[in-house]
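**Q** Since the structure of chain A is provided, determine the placement of chain B on it from the hints.
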Amino acid sequence: MQSTSPGTSAISARGLHKSFGATEAVIDLDLDVATGAVYGLLGPDGAGKSTLIRMIATVLAPDAGAAEVFGHSVTDQRGKVTPRIGYMSQRFSMYPDLSVAENLEFFATVRGVGRADRNSRAKSLLESMGLAEFADRQAQHLSGGMKQKLMLASTLMHSPDLLLLDEPTTGVDPVSRREFWRILASLHREGRTVLVATPYMDEAERCTHIAFLDRGRIRQSGTPEQIKARVPGRLLEVASAEPRRTLAAVIALPGVDSAHLFGDLVRVLWTGAADPIEALIAGLGGTDASLTVRAANIDMETVFAYLAENAPADAAAVGS
Amino acid sequence: MSGKRIRLLIWKEFTQLKRDPMLVRLLLLMPVIQLIMFGYVVAADIRHLSTAVVDLDHSVASRALTDQFASSGYFTINARPTSEDDLRPLLDRGQIQVAVVIPAGTQDHLDRGETAQIGIIVDGSDSQVSAVGSGYASQIISRYNRQLMTDAGISVAAPGVDAQIRVMFNPTLDPINTMIPGLIAAIMMISLMAIMSQAVVKERESGTLEQMFVTPIRASEYLIGKLTPYAGLATLQMLIVAAVGILWFRVPFNGQLGVVLVGLALFMLTCIGLGLLVSLVSHTRQQAQQAMMFIMLPTMVLSGFIFPIASMPPLIQPLTNLIPLTFALEVLRGAFVKGTGFAALAPQLLALAAFAAVIFTASIIATRRRIAE
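Order-wise, the sequence lines are chains A and B. Residue numbering for the first sequence follows the numbering used here, starting at 1 and increasing by one per position. Residue numbering for the second sequence follows the numbering used here, starting at 321 and increasing by one per position.
The reader is advised that the hints may include incorrect statements.
Unchecked claim - When the alpha-carbon atoms are kept at most 27 Å apart in a straight line, the in silico DSSO-like pairs for lysine-lysine are as follows:
(1) K338/B to K324/B
(2) K338/B to K123/A
(3) K80/A to K324/B
Stated by the list, open to error - With the C-beta cut set under 8 Å, the calculated list includes, among others, these residues of chain A facing chain B:
(4) V59
(5) T82
(6) E102
(7) G112
Claimed, not checked - Residues from chain A that keep clear of chain B, each with C-beta distances beyond 10 Å, as calculated:
(8) G21
(9) R206
(10) R219
(11) G283
(12) A308
Derived by calculation from the structure, the hints in this document are not laboratory data. It should be emphasised that the depicted structure is a prediction, and the values quoted were computed from it without experimental measurement. Yeah, the Cβ is synthetic: ideal placement off N, Cα and C, and Gly gets one too.
This is chain A alone, in the form it adopts within the complex (with noise of 0.2 Å):
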């Protein structure tokens, strides 16, 4: 790894716009990732996450507006940029006819890494990822987790600074993706910045920083507390027989800002003054008798759908 001071700018980009015939894929977009941030891109299908990410990885050339990655222009500087990044696609991207170990061998010499580290990097990585024994295997016949296992293991044979991940867990089991995260923590701890972009907003809570993106712009962004605490109010849990009912008349209620079902449950964000569950508990009591509340945490979920109901139409959210 080449020494990257903390604190300075992994990548930062100004006025990114691109668009696809009439469509506007990211729009007049800043982004700014700090040295060692774990930094997620959430947001919905086509919330313009993977043509972000690939402007950053120099595949893919912006209409307008520059991004630098270590202080090297993406466009101008596509030599001395693309060494320290390792570009994970959203897709499956290694030779389905290679081996796993050829896939390892052939990106990583094509990067100029030597012999010696090639074979050191290539048996730990295999080894740490549990990919060890499939190393001769065409990489075609792999389970869906271990071709994503496999295309971080490349990305990673030339030890980049920066991680450039494209939802590299949609479609993977639950386990493969917990043992993913688990890895990504791992390059955390070494230093290593990433920008992981993903549909689970489970996920955002792993990140250092997040943003949510939607329709081509950046929404909110800052660390999950800070997002966390943009919504006010508190969280909770009500079980009840007819949850239905419950929650039409919960909605009723003063103090209440929103309710919806989840599960059995209706979840209430309460931003009343009053203590929330005797509230509620006299507010809801006289209807049904085996009514419980309960304070829930605060999710990402539920954060995102409140700050998208009461974020003002258009306009771009504060940072952080």
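**A** For chain B alone, kept in the frame of chain A given last:
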């Protein structure tokens, strides 16, 4: 340009080729099978036309004439109906293609020194059969006439024009001698373009092309790395196919080996380049296949492979110069059959070189543009 990266790309292509035995078979075995199969098709000269003879005269003259037809090799007498009315059903069922009717009294007419009328009926539904059949029939009859006159002691050396036709270069008029060189070029073109057109688009579909662009590989390195293994295989293919053409079909090789090899090598580069270009600009494999069809059909029709360019409408003729196969055919036919040398074939060889240069420049530009995209 880094030789190390190019070597690596070549290693990768060969490793992949080894795992795709179908592709190697397609490149090396298919052309041989096709050449042998199509070789016999194009070599099928019109001979042994199924013929019926209606001999109503039953004379020495009628038997002599029938023998002339039978021994010519062009007509095989399969039916001897007793009346002209029986011919129609035979023709309708396709059992005969030609009928000879020798009316009663033919011998008498000849004996009296008069001209006898012989009927020749030809099935016109196949224009080639009817043209060739009637041509051969009139030849046989005129030969018979000459023989009659000689027998009668009449001098044939009467004043008049006697055409002495001598076919140069291909004295047996065997179509195989011109068709095999053409087939070699056409088969090479089809198999190379079919495979090359998939080469890059396959990587685009599998996402490895995008991954390649995050590495220091340059457009020119990528192209050379992609091309070299296939050019090697194509050379092997070219030698095998040419050898089969010469050894199996005994196509006389009158020319210089150098001319044929240079011509084929330039044509091979053109085909590889064209396939590569199709592959570069296509987004999916299907697109590449469709683009191939758009290129192959006019190539086959307009190159002179099937129809002679000289007999095409004047407006169409200039178009044939846009087709690389046109020049490859001229080089191969010239070199194989006529033994034409470098000097006489220079324009065609230069044209092929120009095609290769233009196509490869376009490929490099297309690759660069893909990077920017």
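**Q** Below or equal to 27 Å on CA atoms is what counts here, so check K338/B against K123/A.
**A** holds, 25 Å
**Q** Verify the interface restraint on T82/A: the C-beta must sit less than 8 Å from at least one C-beta of chain B.
**A** With Cβ-Cβ at 5 Å, under 8 Å, it holds.
**Q** Against chain B, does G21/A hold up as non-interface, every C-beta pair farther apart than 10 Å?
**A** Since the minimum Cβ distance to chain B is about 13 Å, G21/A lies beyond 10 Å and the statement holds.
**Q** A308/A clear of chain B by more than 10 Å, beta carbon to beta carbon?
**A** holds, 32 Å
**Q** R219/A: least C-beta distance to chain B exceeds 10 Å?
**A** R219/A is indeed farther than 10 Å from all Cβ atoms of chain B, at 28 Å.
**Q** The output says G283/A does not contact chain B. Does that hold with a beta carbon cutoff of 10 Å?
**A** holds, 55 Å
**Q** Checking one constraint from the list: CA of K80/A to CA of K324/B, max 27 Å. Satisfied?
**A** holds, 20 Å
**Q** Is the hint on V59/A kept, meaning its closest Cβ partner in chain B is under 8 Å away?
**A** With a closest approach of 5 Å, the V59/A hint holds.
**Q** Does G112/A meet its interface restraint, that is, does its C-beta lie within less than 8 Å of any C-beta in chain B?
**A** Since the shortest Cβ distance to chain B is 7 Å, the answer is holds.
**Q** A cut-off of 10 Å on Cβ-Cβ distance, and R206/A was said to be off the interface with chain B. Does that hold?
**A** holds, 25 Å
**Q** Just to be careful: measuring from the Cβ of E102/A to every Cβ in chain B, is the smallest value less than 8 Å?
**A** It holds, given that the least Cβ distance between E102/A and chain B is near 7 Å, below 8 Å.
**Q** For the pair supplied as a hint, K338/B and K324/B, is the alpha-carbon distance within the 27 Å limit?
**A** Satisfied, since the Cα-Cα distance of roughly 21 Å is no more than 27 Å.
Every hint from the earlier list agrees with this structure, and none is contradicted.
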